[in-house]
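*Asks:* Per the working numbering, the very first residue in the sequence shown carries number 129; after that it's consecutive.
By construction, these hints were calculated from the structure, which means they are not laboratory data.
Treat the numbers as computed from the prediction; the structure is a model and nothing was measured.
All C-beta atoms, glycine included, are put in the ideal place defined by N, C-alpha and C.
Among these hints, one or two may not hold up.
[Stated by the list, open to error] Between beta-carbon pairs, the in silico distance windows are: (1) E155 - E317: 49 to 59 Å; (2) P207 - E301: 25 to 35 Å; (3) F293 - E313: 26 to 36 Å; (4) N165 - R229: 12 to 22 Å; (5) D291 - R229: 13 to 23 Å; (6) D331 - P212: 31 to 41 Å; (7) E242 - G332: 28 to 38 Å; (8) E311 - K247: 46 to 56 Å; (9) D168 - P255: 32 to 42 Å; (10) N152 - L196: 26 to 36 Å; (11) E301 - N198: 15 to 25 Å; (12) R297 - R274: 20 to 30 Å; (13) P255 - E311: 27 to 37 Å.
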Amino acid sequence: MKRIDKGDSPGWFEVWKQNFKKVNGREAHYKNDFSSNDADGKTRRQKMRTRLMEEQGYICCYCMKRILLNNSHIEHFWPKTYFPQIDLEYDNMFASCDGERVILFDEHCGHKKEDWWNKDMIPPTKPEIETIFKYSVDGKIHSVPRKPTTNIAQEMITQMGLDSFHLERNRREAIEYSEVFDEEEYSDEDIRDFINYYSNQDDGKYVPYCMAIVDCLKDCLKE
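Taking the hints into account, I'd like the entire structure generated from these sequences.
*Replies:* Here it is in C-alpha coordinates:
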(Lines of atoms letter the chains of each structure in order from A and count residues from 1; the text may use other names and numbers.)
(Lines give C-alpha, C1' and ligand atoms only; values in the text may rest on other atoms or scores of the structure.)
Protein backbone atom coordinates (compact mmCIF):
# COMPACT_ATOMS: atom_id res chain seq x y z
CA MET A 1 0.00 0.00 0.00
CA LYS A 2 1.07 3.55 -0.66
CA ARG A 3 0.88 6.14 2.11
CA ILE A 4 -1.74 8.82 1.39
CA ASP A 5 -0.96 12.37 2.41
CA LYS A 6 -4.39 13.75 3.27
CA GLY A 7 -4.88 17.44 2.60
CA ASP A 8 -7.44 19.77 4.10
CA SER A 9 -11.11 18.93 3.76
CA PRO A 10 -12.58 20.65 0.65
CA GLY A 11 -14.17 24.01 1.44
CA TRP A 12 -17.38 23.18 -0.46
CA PHE A 13 -17.75 20.00 1.61
CA GLU A 14 -17.44 21.79 4.95
CA VAL A 15 -19.89 24.49 3.82
CA TRP A 16 -22.37 21.79 2.73
CA LYS A 17 -22.21 20.15 6.20
CA GLN A 18 -22.68 23.49 7.96
CA ASN A 19 -25.66 24.43 5.78
CA PHE A 20 -27.22 21.00 6.28
CA LYS A 21 -27.06 21.40 10.06
CA LYS A 22 -28.59 24.88 9.91
CA VAL A 23 -31.52 23.70 7.80
CA ASN A 24 -32.13 20.32 9.48
CA GLY A 25 -31.04 20.97 13.06
CA ARG A 26 -28.75 17.94 13.16
CA GLU A 27 -25.42 16.70 11.88
CA ALA A 28 -25.43 15.21 8.39
CA HIS A 29 -24.51 11.58 7.78
CA TYR A 30 -23.08 9.93 4.69
CA LYS A 31 -25.95 7.58 3.88
CA ASN A 32 -29.20 9.30 2.81
CA ASP A 33 -27.88 12.83 3.49
CA PHE A 34 -24.61 13.26 1.59
CA SER A 35 -25.06 10.14 -0.55
CA SER A 36 -28.69 10.71 -1.52
CA ASN A 37 -30.16 9.06 -4.61
CA ASP A 38 -31.05 12.29 -6.37
CA ALA A 39 -28.96 14.23 -8.88
CA ASP A 40 -27.45 16.40 -6.15
CA GLY A 41 -26.22 13.32 -4.29
CA LYS A 42 -24.63 11.90 -7.43
CA THR A 43 -22.92 15.22 -8.12
CA ARG A 44 -21.58 15.40 -4.55
CA ARG A 45 -20.20 11.86 -4.69
CA GLN A 46 -18.47 12.44 -8.02
CA LYS A 47 -17.00 15.72 -6.81
CA MET A 48 -15.66 14.05 -3.66
CA ARG A 49 -14.28 11.03 -5.53
CA THR A 50 -12.50 13.34 -7.95
CA ARG A 51 -10.86 15.14 -5.03
CA LEU A 52 -9.86 11.86 -3.37
CA MET A 53 -8.45 10.42 -6.59
CA GLU A 54 -6.38 13.54 -7.19
CA GLU A 55 -5.07 13.33 -3.63
CA GLN A 56 -4.14 9.66 -4.09
CA GLY A 57 -2.47 10.11 -7.45
CA TYR A 58 -5.23 8.12 -9.15
CA ILE A 59 -4.45 4.80 -7.48
CA CYS A 60 -6.65 2.75 -5.17
CA CYS A 61 -6.09 3.43 -1.47
CA TYR A 62 -5.56 -0.31 -0.85
CA CYS A 63 -4.22 -2.16 -3.91
CA MET A 64 -2.71 0.75 -5.93
CA LYS A 65 -4.68 -0.13 -9.07
CA ARG A 66 -5.34 2.78 -11.44
CA ILE A 67 -8.72 4.32 -10.60
CA LEU A 68 -11.06 6.68 -12.45
CA LEU A 69 -14.64 7.76 -11.83
CA ASN A 70 -16.03 4.69 -13.60
CA ASN A 71 -14.19 2.08 -11.50
CA SER A 72 -14.06 3.52 -8.00
CA HIS A 73 -16.14 4.38 -4.95
CA ILE A 74 -15.82 6.39 -1.75
CA GLU A 75 -14.40 4.17 0.95
CA HIS A 76 -14.63 4.66 4.72
CA PHE A 77 -11.56 3.10 6.33
CA TRP A 78 -13.35 3.01 9.70
CA PRO A 79 -16.72 1.58 8.57
CA LYS A 80 -19.63 3.97 8.76
CA THR A 81 -21.80 1.16 10.17
CA TYR A 82 -19.73 1.06 13.34
CA PHE A 83 -18.37 4.61 13.35
CA PRO A 84 -21.31 6.83 12.30
CA GLN A 85 -19.84 9.73 14.27
CA ILE A 86 -17.01 10.03 11.72
CA ASP A 87 -18.81 8.94 8.55
CA LEU A 88 -18.46 12.47 7.13
CA GLU A 89 -14.98 13.24 8.42
CA TYR A 90 -12.70 13.84 5.47
CA ASP A 91 -9.79 11.99 7.09
CA ASN A 92 -11.88 8.80 7.04
CA MET A 93 -12.74 9.02 3.34
CA PHE A 94 -10.68 7.48 0.55
CA ALA A 95 -11.11 6.33 -3.05
CA SER A 96 -11.09 2.56 -3.51
CA CYS A 97 -11.24 0.57 -6.71
CA ASP A 98 -14.32 -1.55 -7.40
CA GLY A 99 -12.35 -4.80 -7.47
CA GLU A 100 -13.05 -7.23 -10.28
CA ARG A 101 -16.83 -6.63 -10.14
CA VAL A 102 -17.98 -9.83 -11.85
CA ILE A 103 -15.62 -12.26 -10.11
CA LEU A 104 -17.03 -12.45 -6.59
CA PHE A 105 -14.70 -15.19 -5.35
CA ASP A 106 -11.68 -13.02 -6.20
CA GLU A 107 -13.00 -9.73 -4.83
CA HIS A 108 -10.66 -7.23 -3.22
CA CYS A 109 -10.32 -3.78 -1.65
CA GLY A 110 -13.35 -1.78 -0.44
CA HIS A 111 -16.05 -4.21 -1.62
CA LYS A 112 -14.18 -7.13 -0.07
CA LYS A 113 -13.47 -5.30 3.19
CA GLU A 114 -17.04 -4.01 3.60
CA ASP A 115 -17.68 -3.48 7.35
CA TRP A 116 -14.65 -5.38 8.63
CA TRP A 117 -12.48 -3.52 11.09
CA ASN A 118 -9.91 -4.23 13.76
CA LYS A 119 -8.75 -1.76 16.39
CA ASP A 120 -5.13 -2.42 15.34
CA MET A 121 -5.57 -1.93 11.60
CA ILE A 122 -3.32 0.72 10.12
CA PRO A 123 -4.85 3.52 8.01
CA PRO A 124 -3.34 4.43 4.61
CA THR A 125 -2.37 7.81 6.08
CA LYS A 126 0.20 6.31 8.50
CA PRO A 127 3.87 6.23 7.35
CA GLU A 128 4.25 2.61 8.53
CA ILE A 129 1.69 1.45 5.96
CA GLU A 130 4.60 1.29 3.49
CA THR A 131 6.70 -0.93 5.77
CA ILE A 132 4.31 -3.63 7.01
CA PHE A 133 3.95 -5.35 3.63
CA LYS A 134 6.57 -6.90 1.36
CA TYR A 135 6.12 -7.58 -2.36
CA SER A 136 8.07 -10.15 -4.38
CA VAL A 137 8.83 -10.32 -8.11
CA ASP A 138 6.07 -12.90 -8.64
CA GLY A 139 3.53 -10.27 -7.59
CA LYS A 140 2.74 -11.79 -4.22
CA ILE A 141 2.21 -9.70 -1.10
CA HIS A 142 3.42 -10.79 2.34
CA SER A 143 3.29 -9.41 5.85
CA VAL A 144 6.76 -8.49 7.10
CA PRO A 145 7.68 -11.16 9.68
CA ARG A 146 8.83 -10.69 13.27
CA LYS A 147 7.33 -7.22 13.68
CA PRO A 148 4.62 -5.98 16.06
CA THR A 149 2.49 -5.36 12.94
CA THR A 150 2.91 -8.84 11.41
CA ASN A 151 -0.44 -10.25 12.51
CA ILE A 152 -2.56 -7.22 11.65
CA ALA A 153 -0.79 -6.86 8.30
CA GLN A 154 -1.67 -10.45 7.44
CA GLU A 155 -5.26 -9.91 8.54
CA MET A 156 -5.50 -6.79 6.37
CA ILE A 157 -4.18 -8.77 3.39
CA THR A 158 -6.89 -11.39 3.92
CA GLN A 159 -9.80 -9.09 4.75
CA MET A 160 -9.04 -6.70 1.87
CA GLY A 161 -8.27 -9.48 -0.60
CA LEU A 162 -4.83 -8.05 -1.37
CA ASP A 163 -3.66 -11.59 -2.18
CA SER A 164 -6.24 -11.83 -4.96
CA PHE A 165 -5.13 -13.79 -8.04
CA HIS A 166 -5.87 -10.79 -10.24
CA LEU A 167 -3.86 -8.43 -8.07
CA GLU A 168 -0.91 -10.81 -7.99
CA ARG A 169 -1.02 -11.02 -11.78
CA ASN A 170 -1.30 -7.25 -12.18
CA ARG A 171 1.56 -6.58 -9.76
CA ARG A 172 3.74 -9.17 -11.48
CA GLU A 173 3.11 -7.57 -14.87
CA ALA A 174 3.85 -4.09 -13.49
CA ILE A 175 7.13 -5.31 -11.97
CA GLU A 176 8.12 -7.07 -15.20
CA TYR A 177 7.38 -3.89 -17.16
CA SER A 178 9.64 -1.86 -14.86
CA GLU A 179 13.44 -1.76 -14.74
CA VAL A 180 13.59 -4.69 -12.30
CA PHE A 181 13.88 -7.25 -15.11
CA ASP A 182 16.03 -5.17 -17.47
CA GLU A 183 19.14 -6.98 -18.68
CA GLU A 184 21.15 -3.79 -18.28
CA GLU A 185 23.40 -3.61 -15.21
CA TYR A 186 22.25 -0.54 -13.31
CA SER A 187 24.34 1.18 -10.66
CA ASP A 188 22.94 1.70 -7.17
CA GLU A 189 22.61 5.37 -8.04
CA ASP A 190 20.49 4.49 -11.07
CA ILE A 191 18.31 2.18 -8.98
CA ARG A 192 17.79 4.85 -6.34
CA ASP A 193 16.69 7.22 -9.10
CA PHE A 194 14.14 4.62 -10.24
CA ILE A 195 12.97 4.18 -6.64
CA ASN A 196 12.52 7.93 -6.34
CA TYR A 197 10.54 8.01 -9.60
CA TYR A 198 8.12 5.25 -8.54
CA SER A 199 7.77 6.73 -5.05
CA ASN A 200 6.48 10.05 -6.37
CA GLN A 201 3.73 11.30 -8.62
CA ASP A 202 4.43 12.06 -12.26
CA ASP A 203 2.06 14.69 -13.65
CA GLY A 204 -0.25 14.15 -10.68
CA LYS A 205 -0.34 10.34 -10.93
CA TYR A 206 1.47 7.43 -9.34
CA VAL A 207 2.44 4.45 -11.45
CA PRO A 208 -0.05 1.66 -10.61
CA TYR A 209 1.32 -0.84 -8.05
CA CYS A 210 4.22 1.54 -7.45
CA MET A 211 5.19 0.22 -4.01
CA ALA A 212 5.46 -3.34 -5.35
CA ILE A 213 7.94 -2.06 -7.93
CA VAL A 214 9.81 -0.04 -5.28
CA ASP A 215 10.18 -3.12 -3.05
CA CYS A 216 11.66 -5.16 -5.89
CA LEU A 217 13.99 -2.32 -6.90
CA LYS A 218 15.26 -2.08 -3.32
CA ASP A 219 16.16 -5.78 -3.51
CA CYS A 220 18.35 -4.94 -6.54
CA LEU A 221 20.55 -2.58 -4.53
CA LYS A 222 24.04 -3.94 -3.96
CA GLU A 223 24.74 -1.80 -0.88
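*Asks:* Looking back at the numbered hints, which does the structure fail to meet, lowest number first?
*Replies:* Failing hints: none at all.
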